[in-house]
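Chains as they are written, first to last, in my numbering: chain A, 1 to 431; chain B, 1 to 427.
FYI, nobody ran anything at the bench for these hints, they're computed from the structure. Careful, some of the hints might be misleading.
[Stated by the list, open to error] Computed from the model, here is a short list of chain A residues facing chain B with C-beta under 8 Å:
1. T64
2. A98
3. S149
4. L151
5. D152
6. A176
7. Y179
8. G328
9. N367
10. A371
No residue lacks a Cβ here, since even glycine has one placed at the ideal position from N, Cα and C.
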Amino acid sequence: MKALLHEQTVDVCGLKLHLIPSKQFKTATISLKIKGELKRDTITSRSLLPMVLRQGSKTYPNTTLLAERLDDLYGAALSLGGMKRGTYHILETSLEVANQKYIENEDTILRDALSLLKEIVFVPKIENGAFDKEIVEREKETIRQRLRSLLDDKMSFANMRLIDEMFAGHPYQIRAEGYESDLDDITGETLYTTYQQLLQEDEVDLYLVGDLDMSEVTALVSEIFQDVLPENRVRTTKHAAVKENAAARKQIEIMERQKLQQAKLHIGYRTNTTFGDPDFAALQVFNSVLGGGPGSKLFLNVREKHSLAYYVGSGFDSLQDLLIIYSGIAPEDYEKALQIIRQEFEDIRSDQFTDQELNENKTMLINGFYADMEHAHGIIDLTYMQQLGGSTQTPEETVAAIQAVSREDVVRMAHKVEEDTVYLLTSEVSE
Amino acid sequence: MNKKEYQTIDEVIYSEVLDNGLQVFLLPRANVRNMYATFVTDFGGNDLSFIPRGGTEKVTVPDGVAHFLEHKLFEKEDHDAFQEFMNQGASANAYTSATQTAYLFSTTDNKEQNVKTLLDFVQAPYFSDETVEKEKGIIVQEAQMYHDQPDHRVSVGIQEAMYHHHGVRNEVLGTIDSIQSITKEDLYTCYETFYHPSNMVLFIAGGFDPERMMEVIKENQNGKDFAPPEEIIRFTEPEPTAVYEAEKTISMPVNVQKSAIGIKEDMQQIASIPQVKRVLLNGMLLDYFFGKSGPFYNDMYAAGLIDYSFNFMSNAERDHGYSLIASNAENPDAFAAHIKELLLSIKDQKLTEEAFTRMKKRKIGTLIRGMNELEVIADNYVWYHNRGMDYLQLIPIIQELTLEETNAYIEQWITEERIAVCKVIAE
């Protein structure tokens, strides 16, 4: 059988180029990732940077000109943002353009797209050693609004508060979106310093997925990206996730009140397992049996059997020892929901699940994995995650590892995962 | 089985209307492991008044029935359809919009069996008093979840402000009271009327053999008895052209306030302009004027009137249509007043040839991007088909649009009486 993935990599111009040729897409997807460690003193600047870069480059100095350029590239989709992956912060810029072979008389879309990506990230609008003051001030307001509106999204608020509690003092606690209290001290100058430091120290990866030719792409990238990164770069090439985990606490309960209709019950667990560990596949299967989807124990019991919630499930961070069970319930159902959730967890510990549940969840995971591999961003996320986790597993090996997970593995994982913090966000008047 | 080739975009669609009236479309793709199937009925949250199958009198069902029915269809007397899909390696879901209900799955395994499961579970309802009661707790929590979301509240509020009577005014989920009042009988009435094969479309896209798949579908359908197709009569009260209320305010505990502006489409234009042109022009013009490359965005952003959340969309349905422009707003009134002023200035603008070409390029690129995804092609193809259009032939239609007709459309696109505002303010 054909291999699922042909990733070719080459070091060029100080960055690592990854090409994944695939005939299944009508577009070319380009994704540039700049990875640095999560630090409390730079996070707000790092969060602000993509927003400032998005406002225009040296050649396309405002959003109108930049947007017109994207329109000329047949409505190319540009996105810039920052994200947290374990204890790293990754600044990601991606551009998706139509493959020129579907449009008559077009043969420079890929070249133009790569040039535009370079312009946006590496040739920003800088004057006198600073980003444009007006733009920086405007984007600080944007961040302020974004941080405040996160408070209105109760599900993400509950997750944020839970992580605050579980990871107090640990780098993972740092919020990728930044902090409102840092904003006053950020200027065009300080932001430029952060930017230069990131070009000097961060690891840069460029991914291309599409019906593309490696030698052509390598030639284009070497030409377009020459001189964008400093020559004497200090690359912090720490691959494995930071594993200084705090010891699990035993069942601490935190209750907070706001004016709302639906309470959010989120429970945090220590998995003691991350991507690249030998029992990572067992964690995936355990999570799936517990709360991975509509066939999971939590869904079937909390929702279908007891009608307590519309949404209930579980999810984990591949690069951090964290699993969260989340649910939206009526405030008065708190005790009952907590008791049922804990019981479902205990049932897996005491081997109370059928072979059918086990096998179905394994099949679901494998099918989901195959389906992800048919999306350009799914392919990029997987290969990048492998690099972050320091894993060299092929897709075929990943599938075999899930297939090999036994009942005993799942029970062992259920014991390895420890409850840490119960967080309840509930209504102001208890009913 | 008909075969239609779309050469410029490298796709082939096989189609057939079966004896029982079911419209089937198959879009096979080489080198693809995944398969996506969607089974859609032309029945959604809007459809509340109609003549039930076999009846003669008009009935009106409670808000939220279509969505309730969607939840309950998965539950069978002795099993759950979600579970059955899972046994067969598929991941299933469903959604209800204002105008349709869709049941769908994607899978890389047991493709034919999963298609049979999809057809069988949707075509064999089992509703009991007990299971209907039990579902209310779940749906009420779904409604409560949305009630706490300011974005959801403002999007419902703007529909209520724009429309006097039309069904789109009602929340698809219904209200807490209407959900509580739904009975097993309501579900059966709607089911019998709207889930006849002749009111449904099956679309399958991905890696499979089309000849074999069509046989499997036919064999499954030929083994079931259906009454002959009947025309469905639905009732909507005549909707005035002007909005119901020009301004609506929702007060709730928020950290960030919001504002949405709705433009209701002129009923006469809806009757006189082909739907495909309304769909394309509303979308492209909104994108041109309010997108990041447009004449307004930069100034509004620099002035702090809008932020990253600024968004717009349009929906041109058979018997109604609207465009929405919304954002977080420190000052919702200032935002609304500014957008309204811009909207009213548009009728005097003429597009240049250059702007028009750019607008077309952008729309074509967006369509091609969407076609990467099996789900996007399937969902869109069905939506357009049910409205007499072909999603895969939009590109040539866009290329043929003329500057003259577009400028003529702009002249009558927006009038003041058709604009409404909805604000979410901190209580």
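Run the structure past the numbered hints and jot down the numbers of the failing ones, going up.
6 and 7
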